[in-house]
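Q: From first to last, the protein sequence lines stand for chains A and B.
Residues 255 to 401 in the numbering used here are what the first sequence lists, from first letter to last.
Residues 333 to 751 in the numbering used here are what the second sequence lists, from first letter to last.
What the hints contain is simulated information worked out from the structure, not anything from laboratory work.
Accuracy of the hints is not assured; some may be wrong.
Taking lysine-lysine pairs in the PhoX-like style, the calculated list, with each CA pair at most 20 Å apart, reads [as the list claims (entries may be wrong)]: (1) B:652 <-> B:701; (2) B:708 <-> A:278; (3) B:652 <-> B:463; (4) B:627 <-> A:374; (5) B:515 <-> B:463; (6) A:374 <-> B:540; (7) B:551 <-> B:606; (8) B:606 <-> A:374; (9) A:278 <-> B:652; (10) B:551 <-> B:514.
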Amino acid sequence: MRAVIISVLMLAACSEAEIPEVDKELQEHRNTRVEAMAAVYDGSIQYKDTFNALDPLIKRSAIARSSKFDPNDDYWGLPRTEGYEEVAAYCASCHSLAIVMQQRVTPERWDYLLNWMVEKQNMPELEAEERALIHRYLVEHFSSNKE
Amino acid sequence: MADKKAAMNISRRKLLLGGVGSAAFMLGTDIPFLKNMPKGLLPVAYANDDVGLDDEALIVQKEGLTLLNARPINMETPAHLLDDAITPASRLFVRNNGIVPDYEEHPADSWTITIDGEVETPLTLSIADLKRNFEVVTKQLWIECGGNGRKFYEPGASGNQWSLGAIGCPQWTGVRLRDVLKKAGVKDTAVYTAHHSVDMHLSGDPEKAPISRGVPIAKALEEDSIIAFEMNGEPLPVLNGFPMRLVVPGWPGSCSQKWLKRIQIRDQIHDGPKMTGTAYRMPAYPVSPGTEVPKEDMVIIHEMPVKSLVTYPVTGSRVKLGEEIEIRGHAWSGQGDVSEMEVSIDFGATWQKAKLDKPVNKFAWQHWKAMLTFPKAGYYEVWARATDHTGTSQPSVVPGWNPKGYLNNMQHRVAVFAV
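Required output: the full structure, derived from the provided sequences and hints.
A: In structure tokens, the structure reads:
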């Protein structure tokens, strides 16, 4: 009889040990962590990539990495590699470069868009060399290729 | 190079307004008007952009919207600012393809629209004529850009990178498009409508329209589409089409031509700018991400998909652990009514039903709410999904990739910290 009671008690003790109650201190510690996590959360999440509840993929997207349009910069924030002056000269007369610098399309799509700009949107045709330079620049900085 | 750049950078609007040559308009110089502007209305980054003064004045009428581009003006509304049952003018998104017409040159009382083409009697009508000759109706109708959600496609799809807020549901007052077309007498040869406006192409070419779309005649004759001249009881905002526009609910917003001047009835599918190519078209078959689709395989978008938003709380909110909180938002579908609304706090593993209101009229968005408590401290995402009366609901991930990134109706998620 006594043996049975002891084993039941032991069982109880055992199961207790397997599912440890979170002690108060640990719980407080965790709460602090959650609070710290909430504190660094950026409310303007749509354009940031921390804790992005909208799309986990966006972290990988080139948007976070590519240069942002900057109206206060002489060249609107275009990265200064070969071709930026041409892009500034040819692509900012009808629309601002904000529409150009938002993109992260494929190289094929940039090719399509350069044609579309000429065929449908009145852009003067570019000379082959300049076109190639601009295409290279756009692909380098504002395409899905960007790493 | 520098000269060339300066020469090319003067916006067409300034050219038209005769501002060329004035050094004050050159890029990088201060625009005095901006200094008087209440702080916080314009994102700081844009406070010095080379946009015309008139455009600045229009932009600041929109409160808290995100400026995707100032030239042409494209702005979206953060989801939590869409909490109102009826979207106020200051919070309705702006999609522009061209240069906004000068509203002072086009006062409402002398504005007319023309109905012509495949009709028995062409009509030219002012707002007063519309009010006098047709039943005036007021309806709450949602309007959403076909590219809303484009930002989430990978690889990127070209165009403005809308996230969630190219949607709104104001109350419109006008006359039924159907009544006006019937009065003009649509001929048997009628196939499609063609909508024309007065906004100017970005290149400044007066012969060229930035956009001219249309809908099949059957859609135009449905009872829900209206020619609107008021929004929320006021004249239309300039950026949203003052003084007259179409509202063709359920279909991409581009069918709802702003600054409407003419509705031409055509005996073929309309082929105006943004009707052809890849504009407002989807691949005829599902394509793998990044595929360039031949033009002949791109088909015109009709209905918009079922969709919903969480408008409260704002993403990133904290809630007290153990406290019950209300989560709410709106749901809509191009098919008409939404029949069910559900929310999940465990990444879609389990769902609970939300309370869903009936729409005030067909194509008004429907409000929903749910009471939630979070089981323990931590980071949660509230996911929301709507199901329409055909049993179709929203995907958890980005739906089929397409070259222009249209029709993204993935579930909206907001982050919530239970602390």
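Q: Of the hints stated earlier, which fail here?
A: Failing hint: just 3.
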